[in-house]
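Using the hints provided, position chains H, P and W relative to the given structure of chain V.
Number of protein chains: 4
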Amino acid sequence: MNTFGENIKITVFGQSHAEAIGVTIDGLPSGTEIDGQYVQRLLDLRAPGRSDVSTKRKEPDKVEFISGVIDGKTCGTSVCAVIKNTDMHSKDYSNLLHKPRPSHADYPAMVKYGENYDIRGGGQFSGRLTAPICIAGAVALGILEKKGVKIASHIYSVGSVSDTPFDTLSDEEWLMEKLCGMDFAVIDEKKGEEMRGVIKSAAENLDSVGGVIECKITGLEAGTGSPMFDGLENVISRAVFGVPAVKGIEFGAGFEGAKMYGSEFNDAYYFDGSGKVRTKTNNAGGICGGMATGMPVIFRAAIKPTPSIARAQETVDLEKGENTVLEIKGRHDPCIVPRANAVIRAAAAIAVLDAIYSE
Amino acid sequence: MNTFGENIKITVFGQSHAEAIGVTIDGLPSGTEIDGQYVQRLLDLRAPGRSDVSTKRKEPDKVEFISGVIDGKTCGTSVCAVIKNTDMHSKDYSNLLHKPRPSHADYPAMVKYGENYDIRGGGQFSGRLTAPICIAGAVALGILEKKGVKIASHIYSVGSVSDTPFDTLSDEEWLMEKLCGMDFAVIDEKKGEEMRGVIKSAAENLDSVGGVIECKITGLEAGTGSPMFDGLENVISRAVFGVPAVKGIEFGAGFEGAKMYGSEFNDAYYFDGSGKVRTKTNNAGGICGGMATGMPVIFRAAIKPTPSIARAQETVDLEKGENTVLEIKGRHDPCIVPRANAVIRAAAAIAVLDAIYSE
Amino acid sequence: MNTFGENIKITVFGQSHAEAIGVTIDGLPSGTEIDGQYVQRLLDLRAPGRSDVSTKRKEPDKVEFISGVIDGKTCGTSVCAVIKNTDMHSKDYSNLLHKPRPSHADYPAMVKYGENYDIRGGGQFSGRLTAPICIAGAVALGILEKKGVKIASHIYSVGSVSDTPFDTLSDEEWLMEKLCGMDFAVIDEKKGEEMRGVIKSAAENLDSVGGVIECKITGLEAGTGSPMFDGLENVISRAVFGVPAVKGIEFGAGFEGAKMYGSEFNDAYYFDGSGKVRTKTNNAGGICGGMATGMPVIFRAAIKPTPSIARAQETVDLEKGENTVLEIKGRHDPCIVPRANAVIRAAAAIAVLDAIYSE
Amino acid sequence: MNTFGENIKITVFGQSHAEAIGVTIDGLPSGTEIDGQYVQRLLDLRAPGRSDVSTKRKEPDKVEFISGVIDGKTCGTSVCAVIKNTDMHSKDYSNLLHKPRPSHADYPAMVKYGENYDIRGGGQFSGRLTAPICIAGAVALGILEKKGVKIASHIYSVGSVSDTPFDTLSDEEWLMEKLCGMDFAVIDEKKGEEMRGVIKSAAENLDSVGGVIECKITGLEAGTGSPMFDGLENVISRAVFGVPAVKGIEFGAGFEGAKMYGSEFNDAYYFDGSGKVRTKTNNAGGICGGMATGMPVIFRAAIKPTPSIARAQETVDLEKGENTVLEIKGRHDPCIVPRANAVIRAAAAIAVLDAIYSE
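Chains as they are written, first to last, in the numbering used here: chain V, 100 to 458; chain H, 100 to 458; chain P, 100 to 458; chain W, 100 to 458.
Wrong hints could be hidden among the right ones.
Because identical chains share one entry, a pair is satisfied inside a single copy or across any pair of copies.
[Claimed, not checked] Only pairs whose alpha carbons sit at most 25 Å apart, straight line, appear in this in silico DSS-like list of lysine-lysine:
# : residue 1 : residue 2
1 : Lys-299   : Lys-375
2 : Lys-419   : Lys-183
3 : Lys-379   : Lys-419
4 : Lys-290   : Lys-172
5 : Lys-183   : Lys-161
Honestly, the hints are just simulated from the structure, not real lab data.
The shape of chain V in the complex, shown without the other chains (with noise of 0.2 Å):
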């Protein structure tokens, strides 16, 4: 199933050289604003080709509203948006049909689909499917800026370098905002060279490297979310995963609280000048029992290096019956990170809208 949402359902379709990529919205109220233009920003950040550590590749992804959409606003029917596949090489796919890439979806998919999986260019498990989640996104996130959510996102760390943190206890909004509009989205740009560094380092010795994204959103009421399989945490996580690539998930101090002590990890509550209810810390993320506390929301997701790499590599041919080693053409990302960025945010935005529905 591609489907996601209790109070919206988004059915995401296509495979990376079908005729087209895409979605359906189903449950978006009437009269909700679709900005084309700020959808396609989106579409544009995870596209490739556009910084010096991403594949040359290009993509020119429009996306076109074809149904539920009228002078810019919903009609009250589902939404659909697609996007025209148009670099579609006859290729030869045969090759890897019967040699699944380490770490790509290809071995489980051939168990799986056996001689129907849409090999070509990773088929549904293509990276190119995260657009369609982008347009959903985008889509999401310019509901929640009205309803006076904000979510924005950085690259916290590229192999062994990191960046500064966000700040959990304050909405630092000219930040967000900032990082919004960034291809290679740091909040200290001298570690923003040196991930660069890195990840050139990484395509000059044919290989790639891992990272970890982080990801705030402000403005969520305390109480937002759903207890027990529906808080905050399960509906961002499900939807995180969709996220080729994401190996994990945590919320606030995550694995570093679970080193902690009580008295340590614990958010004690005051109230601040203006009588809103804050906490002293914010280890919890901004979620407790699923739900909002009304303090910034704080996950981080752990993205694995890309796949393909351009050294050859051990596999098996499953048509021979035999070990073998792989050779990868073609031209990828050294490192994902930077692109699925806005991505990691349009998972979270997707979420956290069917969540504030559920409401």
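Frame of chain V; chains H, P and W shown alone:
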């Protein structure tokens, strides 16, 4: 919503001080064996008062299957199981009603539900509600075992003391079975002793401590799981975050993997002696593209320190509108990790069964 | 699946001879008032043995809310209500086990569930399972009343004797209220007497008889309902066919309307004196495009004759593989319509509440 | 919500004058054959302008599968199919915007969506949206055929003229196949001529006329379907009421059955010569307890007269707040039944496939 699952639908009900807590399980095939004693054993592992590092509080949680089961087998309709609450002290909670306990669900719950929030014992956010998760999980574990799928978990760490991790490449059946029967489930007993020391010392300091639980799932056929939003990582994480106190989850190399290069991270395929496809490493944690690779699935869940500690804590008095200090009475586990170990296994089982039923 | 609803999720559980039957209701806003006596009254209207045309069998169906309700209000988690089964005779059902009763669910249930089918009393297909529908329906009716939505129903016909139909243009509040309290709910008492005669005469002939129930819903705001698959007709029909014995449903002019010309059928709009838009006729039954028009919603449900009759009936012996004759013992209603009247109202209420919560 | 199904999820999108209309189908097993020509043929049966009793308006509805299908087979991800709208006149709809057409969805849609309602051509409530239902239905029909399940339907009545009904006891394969290819699908051609006469005469009178469609489903294994809310009657009725203009549905003897005695209605079981269990009558319409009995499933759907008629009709001017008279221009079918015949078959197929996939 307290409902989980697409193919089986699990609805947990109850609050800490309701007449009963329980669960309905809809969608089980008729003729599914349900072994009440097996279910009770998992509940017992979760029960308090079983070890020298647990609260002395007793909760004789006896499960009753009140519908859907006849002669130990499902008859095709939804199963309902309940645990009657017996230990409901007529304690005065009016004290707590306006003073949210730090890092509990109290504050957002008070905002969300207002005076309707059943504050007694933490209401629907109480750790007691993990008992119904254990019931559903034990039912799922029984079904999975018959399908050759095994799930075990252990205390990976308490504070800064770590156990030996699972072997990610082999099945270790004997070890998995052993862990499933242990009250304080560790692989390395010496480390277990150290952990107990950390917990006792925290208790003496009127404090609590967090930890990490590692879970291993074997026997999943390659290809199990669905793309994008219903992959194994998506559904397992959604279920596991249903357990209060979980603040992070990572699969395989997880956050460590985000620091790696592709050439290190990628799991090379090979045919083993018996003609089975295996990987030489298992940084993927047995999951690629949301689907099982056929290697053991490994994940770790970060558990925050028990929020209830005996020390005085700063909080707010929502009625008086002023800052105040709160002392929490009662007997609480200084570390929830040993008891949560059974619950994480149960939550994983629910998610995996739902994924298998979607095949 | 025994689960209904998108915005509230209702899971019915139990079999005729299970320890208990009941229902969980997930998704109710916290603070929703639940009046146990109101619920009990609807259950009582459904109970057998209340009139001279009903079976003398007694089922003292007492509802208990075991979770989710505190001081008569929901506390934000799922509500669970149960009815304990008290009248479980240790009667021998082995006789029935291979001889499906005509027009009961036995035969398909035996094929579907095999030996796991809980044949005792009809298992999960028993009319007893309409009691949990009444519980959920009574909760829904209580909520709807507070929103100004009223639902009433009456016995439209028994055999060939018909009651006066509802007025489709006015609210008839006093009549609706009166019908809601009647054991044998008819508008025209004389016709009611005739109906009783038909039922008694059927009983004397060791036979049973069917009928039609008409239901009226007032107070729905124009626009309530969703397009296509979640329109009012879709969700009401899905719920109403959940009541065993229903074989047809029609809205407004229904099947008669299919014989009409557009110039007769079309409901002309006009402004009434108070500036409200109304229609001069109501052949649409208050629904256009799946949405309420603001006029009373009217539907009728066809109820088949009680399948259990005292006459010998032809059937098969599935064990012996031969044709045989079956005699059904026990006390059965010669006409289920009077008791089903409360259940149809309850089912409609569940559907309407779910539709309203989607707005 | 425009989404249908538990096991396959169908989301219809589009409005009459959107750039495109279409459907996504999520949950189809990989390797499912999709025959584009078969789909197109069903669409053609639904298309206007094909007979002497249909509107002369042409809609060259060409289906394109833009994702999920490769070499005529599904590849495991969701399928998206679209029909581009070509015939979008820049006609002025501002006239209609405040004058709801009687018995159309206009009035409740205006209240619900306000100025966001895409009134052009009826927006999302247009009969055009039955084309995507036909696409999904044709895909389902193709899958069902391979499973031995056949679905056919015919015009049971137009106005007061009735066709010969289906034989409820035999399969009539040749007849079912013949009907599936007919533009004006009737069993008795003479009655068909009479029906055409009624339709032409209505057209001459600037009027329209309703009718009934009967549908037959063979090859369902006994036991198919689920108890209570997901029985065959529940899911078929939910899907069929998704077709605009349907105002009633009945299974088997339906409303006539409600007049019968149990001794007449009950369908006696017997073993036929080949050892198969059959019933001597089929008043149940092949369904008991929501499950297939193995006999043909029979249902009838009541279709109201086309609401658009050329006569002047009374309505309101919502802007001016006064009563007014409306004349609807354009070419409309005087009877929608012949074209709806293919759509009812499609809707039934979607529901039946979803039920089969739940087994």
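Against the structure, the hints come out as follows:
no., hint, in the structure
1, Lys-299 x Lys-375, "neither (47 Å within a copy, 37 Å between copies)"
2, Lys-419 x Lys-183, "neither (36 Å within a copy, 45 Å between copies)"
3, Lys-379 x Lys-419, "between (62 Å within a copy, 20 Å between copies)"
4, Lys-290 x Lys-172, "neither (41 Å within a copy, 49 Å between copies)"
5, Lys-183 x Lys-161, "both (7 Å within a copy, 18 Å between copies)"
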